[in-house]
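Enquirer: Going down the list, the protein sequences come from chains A and B. Going by my numbering, the first sequence opens with residue 11, and the numbers climb by one from there. Going by my numbering, the second sequence opens with residue 11, and the numbers climb by one from there.
Hint data in this document are derived by calculation from the structure and do not stem from the laboratory. Because the structure is a prediction, the values reported are computed rather than measured. A portion of the hints provided could be inaccurate.
No distinction is drawn between identical chains; accordingly, a pair holds when it is met within one copy or between any pair of copies.
As the list claims (entries may be wrong) - Calculated lysine to aspartate or glutamate pairs in the EDC-like style (CA-CA distance at most 20 Å, straight line): (1) K84 to E503; (2) K231 to E56; (3) K118 to E558; (4) K146 to E56; (5) K84 to E293; (6) K562 to E279; (7) K391 to E276; (8) K563 to D428.
2 protein chains.
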Amino acid sequence: MAARKKKKASRKGQGTRKGKAAAKRKAAPKRKASRKGTPKRLTAQEMAHTQREISVAEFFAKNRHLLGYDNPSKALLTAVREAVDNALDACEEAGILPDILVALEQVKVGSTSEKASRTADRFRVVVEDNGPGIVKSQVSKIFGKLLYGSKFHRLRMSRGQQGIGISAAALYGQLTTGKPIRVTSKPRPRKPAHRFDLVIDTRTNNPRVLREREVREFNHKTGTRIEIELEGRYVGGQRGVFEYLHQTALANPHVRLRFKAPDAKEPHEFVRVVAALPEQPREIQPHPYGIDVGTLIKMLGASEARRVTAFLQQEFSRVSGRVAKQMVEEAALNGAKSPRRVSRPEAERLYEAMNAVRVMAPPTDCLAPIGEQALEEGMRKEVEAEFYTSITRAPAVYRGNPFQVEAALAYGPPLPADASARLYRFANRVPLLYQQGACAMTKAVTSLAWRNYDLNQPRRSLPAGPLALLVHIASVWVPFTSESMEAVAAYDEIHKEIRLALQECGRRLGQHIRKKQRHLEAKRKTDYITTYLPPIAEALRDLLALSEPQTKKVAKVLDSTLRRSRSS
Amino acid sequence: MAARKKKKASRKGQGTRKGKAAAKRKAAPKRKASRKGTPKRLTAQEMAHTQREISVAEFFAKNRHLLGYDNPSKALLTAVREAVDNALDACEEAGILPDILVALEQVKVGSTSEKASRTADRFRVVVEDNGPGIVKSQVSKIFGKLLYGSKFHRLRMSRGQQGIGISAAALYGQLTTGKPIRVTSKPRPRKPAHRFDLVIDTRTNNPRVLREREVREFNHKTGTRIEIELEGRYVGGQRGVFEYLHQTALANPHVRLRFKAPDAKEPHEFVRVVAALPEQPREIQPHPYGIDVGTLIKMLGASEARRVTAFLQQEFSRVSGRVAKQMVEEAALNGAKSPRRVSRPEAERLYEAMNAVRVMAPPTDCLAPIGEQALEEGMRKEVEAEFYTSITRAPAVYRGNPFQVEAALAYGPPLPADASARLYRFANRVPLLYQQGACAMTKAVTSLAWRNYDLNQPRRSLPAGPLALLVHIASVWVPFTSESMEAVAAYDEIHKEIRLALQECGRRLGQHIRKKQRHLEAKRKTDYITTYLPPIAEALRDLLALSEPQTKKVAKVLDSTLRRSRSS
Numbered sequence: 011m012a013a014r015k016k017k018k019a020s021r022k023g024q025g026t027r028k029g030k031a032a033a034k035r036k037a038a039p040k041r042k043a044s045r046k047g048t049p050k051r052l053t054a055q056e057m058a059h060t061q062r063e064i065s066v067a068e069f070f071a072k073n074r075h076l077l078g079y080d081n082p083s084k085a086l087l088t089a090v091r092e093a094v095d096n097a098l099d100a101c102e103e104a105g106i107l108p109d110i111l112v113a114l115e116q117v118k119v120g121s122t123s124e125k126a127s128r129t130a131d132r133f134r135v136v137v138e139d140n141g142p143g144i145v146k147s148q149v150s151k152i153f154g155k156l157l158y159g160s161k162f163h164r165l166r167m168s169r170g171q172q173g174i175g176i177s178a179a180a181l182y183g184q185l186t187t188g189k190p191i192r193v194t195s196k197p198r199p200r201k202p203a204h205r206f207d208l209v210i211d212t213r214t215n216n217p218r219v220l221r222e223r224e225v226r227e228f229n230h231k232t233g234t235r236i237e238i239e240l241e242g243r244y245v246g247g248q249r250g251v252f253e254y255l256h257q258t259a260l261a262n263p264h265v266r267l268r269f270k271a272p273d274a275k276e277p278h279e280f281v282r283v284v285a286a287l288p289e290q291p292r293e294i295q296p297h298p299y300g301i302d303v304g305t306l307i308k309m310l311g312a313s314e315a316r317r318v319t320a321f322l323q324q325e326f327s328r329v330s331g332r333v334a335k336q337m338v339e340e341a342a343l344n345g346a347k348s349p350r351r352v353s354r355p356e357a358e359r360l361y362e363a364m365n366a367v368r369v370m371a372p373p374t375d376c377l378a379p380i381g382e383q384a385l386e387e388g389m390r391k392e393v394e395a396e397f398y399t400s401i402t403r404a405p406a407v408y409r410g411n412p413f414q415v416e417a418a419l420a421y422g423p424p425l426p427a428d429a430s431a432r433l434y435r436f437a438n439r440v441p442l443l444y445q446q447g448a449c450a451m452t453k454a455v456t457s458l459a460w461r462n463y464d465l466n467q468p469r470r471s472l473p474a475g476p477l478a479l480l481v482h483i484a485s486v487w488v489p490f491t492s493e494s495m496e497a498v499a500a501y502d503e504i505h506k507e508i509r510l511a512l513q514e515c516g517r518r519l520g521q522h523i524r525k526k527q528r529h530l531e532a533k534r535k536t537d538y539i540t541t542y543l544p545p546i547a548e549a550l551r552d553l554l555a556l557s558e559p560q561t562k563k564v565a566k567v568l569d570s571t572l573r574r575s576r577s578s
Numbered sequence: 011m012a013a014r015k016k017k018k019a020s021r022k023g024q025g026t027r028k029g030k031a032a033a034k035r036k037a038a039p040k041r042k043a044s045r046k047g048t049p050k051r052l053t054a055q056e057m058a059h060t061q062r063e064i065s066v067a068e069f070f071a072k073n074r075h076l077l078g079y080d081n082p083s084k085a086l087l088t089a090v091r092e093a094v095d096n097a098l099d100a101c102e103e104a105g106i107l108p109d110i111l112v113a114l115e116q117v118k119v120g121s122t123s124e125k126a127s128r129t130a131d132r133f134r135v136v137v138e139d140n141g142p143g144i145v146k147s148q149v150s151k152i153f154g155k156l157l158y159g160s161k162f163h164r165l166r167m168s169r170g171q172q173g174i175g176i177s178a179a180a181l182y183g184q185l186t187t188g189k190p191i192r193v194t195s196k197p198r199p200r201k202p203a204h205r206f207d208l209v210i211d212t213r214t215n216n217p218r219v220l221r222e223r224e225v226r227e228f229n230h231k232t233g234t235r236i237e238i239e240l241e242g243r244y245v246g247g248q249r250g251v252f253e254y255l256h257q258t259a260l261a262n263p264h265v266r267l268r269f270k271a272p273d274a275k276e277p278h279e280f281v282r283v284v285a286a287l288p289e290q291p292r293e294i295q296p297h298p299y300g301i302d303v304g305t306l307i308k309m310l311g312a313s314e315a316r317r318v319t320a321f322l323q324q325e326f327s328r329v330s331g332r333v334a335k336q337m338v339e340e341a342a343l344n345g346a347k348s349p350r351r352v353s354r355p356e357a358e359r360l361y362e363a364m365n366a367v368r369v370m371a372p373p374t375d376c377l378a379p380i381g382e383q384a385l386e387e388g389m390r391k392e393v394e395a396e397f398y399t400s401i402t403r404a405p406a407v408y409r410g411n412p413f414q415v416e417a418a419l420a421y422g423p424p425l426p427a428d429a430s431a432r433l434y435r436f437a438n439r440v441p442l443l444y445q446q447g448a449c450a451m452t453k454a455v456t457s458l459a460w461r462n463y464d465l466n467q468p469r470r471s472l473p474a475g476p477l478a479l480l481v482h483i484a485s486v487w488v489p490f491t492s493e494s495m496e497a498v499a500a501y502d503e504i505h506k507e508i509r510l511a512l513q514e515c516g517r518r519l520g521q522h523i524r525k526k527q528r529h530l531e532a533k534r535k536t537d538y539i540t541t542y543l544p545p546i547a548e549a550l551r552d553l554l555a556l557s558e559p560q561t562k563k564v565a566k567v568l569d570s571t572l573r574r575s576r577s578s
């Protein structure tokens, strides 16, 4: 905000301003807003002078809540999450089993003001990994520039995807404490690590390196360690850092994760359960279904292919020579034409043809779901209940992006019968702890009729009853409702897939409940038999003067006959 | 997406790709991801080559749901809203009573594919105003560049604030139909209008003008007319264009608004109710409370003031000479020091001192609330009920930004007793129709105990009962939860103010309900008297052999005695 040198509406007792700031911005004509009366109404010419470009860093500094920095406790969690997500992505891409340390250190500030100390504490967030490290030339941009990264311009499943997260954490730290982010990275095992202290120039969205040096000591062969000082609040509970790390460990059993809480002497360790990395997801091309006509026109114009058919095969997923030929035929287009010569009407026809021709579902090897078994095991580990089930759906596609939905369900005591169901949400293995109400997963859950399973369900709400649900979406591009990646946008296709996954879980729950009811019914009948049979046998014995063995035999025959009739 | 020229993971039957595209991006080393096996694990050096800058236009093209373009019906509404918001802002800033026409024309596409026609229709959105117009040199940037505008770099209440809205609508149209936005603007009454057809180059986030010319015919002396062709769906109901315009007219009684629906022959007119513009809100400086230490450090470094005291007075709202002196004293700082020479520890002390010293609440003339009376009238016009109340709170401040909350409430039949309460949400006079669940207003409503007013309230939900609520937040900077401006972020201060406003309405509702209950109780007693008095009088007559006049007199005395005792 500082750099704006805004005209100010002067008020009484504030008339000391000098003309310097105004003079510097010479393009702007003097506005009359500073007089005491009504502000001056402007003409188009005057308005033109107030128009300016906005840097992305300025935008997000002012809109920090879009990135998850609405309040101190959420800010702390968000910064940790961005760093851990990046560490996990880097390790997996480099084929390294992740070993990550998260440490939170409370920083004492000589606070004279009660207000400042009341609203938030100050923390140093340290996240260290054994990943591949970052080459020297990239460090400043990765941490000191918003909208910079490797994950945006590709279709590949990863935790981060926007090129904002970690630089935004650095920006938030800088805004709330004035301190630079410190990055120590060691990309080569036999060379020293390099350390940077850097800030973001918000006016230009460019990094400014304050200090740069080599350091010898580093805890891993290669890796990265970041330190951010920021205003935050350390909380427990369902939205705290511990819970986030706990759920991260659940969805990533191949990770060794240590966490040193601000008050702890020793780090808590979430141990590695699986000693193998998950299947490395593959990068893919967009799928023909769901791409926009505007995007297609742009792709055609920028294509290097010589023929439209080649263009279709090269730039799209699942388009074989035969399919490409079908498409151009359907569009009444010459397949040998250069893509750059395709006219707008032809492009529109091609667009429609691409949607009309049957194309295989996108390849599945670009997605790495957690898997039904691991999901159910995770649920069993996390939630004590009576019945568990899980499902991994086949991949589907929204707007050309493959995605895959998984769901798990736990039901029955000791889960409390009178509380709202707990919903665990994951996107690309990252737990989502905030904005549950805005999430497609929540919407899918509330859209189902849980009353069918003896659960109480207030209108448009989560069911109440002994139920825990887990939903995971894996995609090459998860559409989050905000840059803070806290909730998944309810695209129709995604909503539908989540519903189908939950419905299948629900169907199995229904079977379980009905089976249980049959068992109960059967048990009730058995109880009747057990209760009434002895007196009947005794009465028969007395009536017919049977011997003890005879009585026993009669009782046995009666018992088996009744039990048979019960089960029919 | 087209321009990315991404490496592709080749699959069987797709081996025809040429090396050209790959050759062009020579910086990137050949990755081995195209072999059939597992994708290659990367080193830090290889990863460095995949790092790239992301343009804001690319970012929002891929994340269009952040801007409100998740689905066709919402997209249509969002585009209309951005254009109308801009038109209203421009008119008011220029001191012109707004006269706005919104027309939706369905565009026929020669659709051969069932899929395309099933998912969405194509519309031409036309929005025309009598505002000040836009000078020629600014048109292409305002409509063809994201993050460009006059409203971001100032603290002033306006509908738009980010410099994204209208260019994002153009971008969405371009992506879904391939068509440019057409802008016709007439900034000078006696000169012809200029017309632009332009598209956004997403790779660079810059406008590309396809065609530019002068036009003679224009419906107003000055003004702007935009035409966007886009994929959308026209729906009615609580989230449709009509409802948005209807609520806009309610909150802006000074606007003449005409709407031509796609199927209508004549436009529907929302007539102008008030022939005067609302008070023009003033632009202000940030308030000392709530500013970040990082921002303060930046402001100090960029200041042109000679002394810290002058800096404080010039750059902040409500800082008089006396207050500035108090601040530097509290911070043990020499007030005559140059702001640019203030050290980091000194800045931190100053930051705390700024928060510790008592500063007047921000000026109120930067905000233009709707007003208690207009709010209640709006409610009465919109909702038929029994009891109405409204309140406009005094301005408060969050993160240095003044804001003001208003609330209104309608209660009682004929509002249905068994449905969820209806909540009308407004921010800077703009109706918010989406993301109710994610909004601070909703959270404030659900956090209150409506059971106190005989309303049923499922946990964490809106109350159910004969209730309609309206909340309006006016601010120089409304913190929306996403760029699509659909829900307000729940900053503590904002949450608290909304709660207080609603509580006051609730308190009045409580009084009304208690009064009504007393009336009912009284009526019940009266009914008893009316029921039982005649037989008693008759019994007395028979018993004491009274004459008819005597009986009447006795009855009258009894009646008045009983009624008196009733009211005690």
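Enquirer: Using 20 Å as the alpha-carbon threshold, which applies to K84 and E293: within, between, both, or neither?
Expert: So K84 and E293 fail the 20 Å test inside a copy (32 Å) and across (31 Å) alike.
Enquirer: Classify it for me, K562 with E279: is the Cα-Cα distance of at most 20 Å met within a copy, between copies, both or neither?
Expert: neither (62 Å within a copy, 92 Å between copies)
Enquirer: With identical chains, the pair K563 and D428 could be close in the same copy or across copies; at 20 Å between alpha carbons, which is it: within, between, both, or neither?
Expert: Classified as neither; 48 Å inside a copy, 62 Å across copies.
Enquirer: Within, between, both or neither: how does the pair K146, E56 come out at a Cα-Cα threshold of 20 Å?
Expert: This pair counts as between: shortest inter-copy Cα distance 13 Å, intra-copy 47 Å.
Enquirer: Using 20 Å as the alpha carbon limit, work out where K391 and E276 are close: within a copy, between copies, both or neither.
Expert: neither (24 Å within a copy, 64 Å between copies)
Enquirer: Cα distance capped at 20 Å. Does K118 pair with E558 within a copy, between copies, both, or neither?
Expert: neither (86 Å within a copy, 93 Å between copies)
Enquirer: My question is about K84 and E503: at a cut-off of 20 Å on alpha-carbon distance, are they close within one copy, between copies, both, or neither?
Expert: between (30 Å within a copy, 16 Å between copies)
Enquirer: Checking an output row: K231 and E56, CA cutoff 20 Å. Within, between, both or neither?
Expert: between (60 Å within a copy, 18 Å between copies)
This entry does not satisfy hints 3, 5, 6, 7, 8, going by the numbered hints stated previously.
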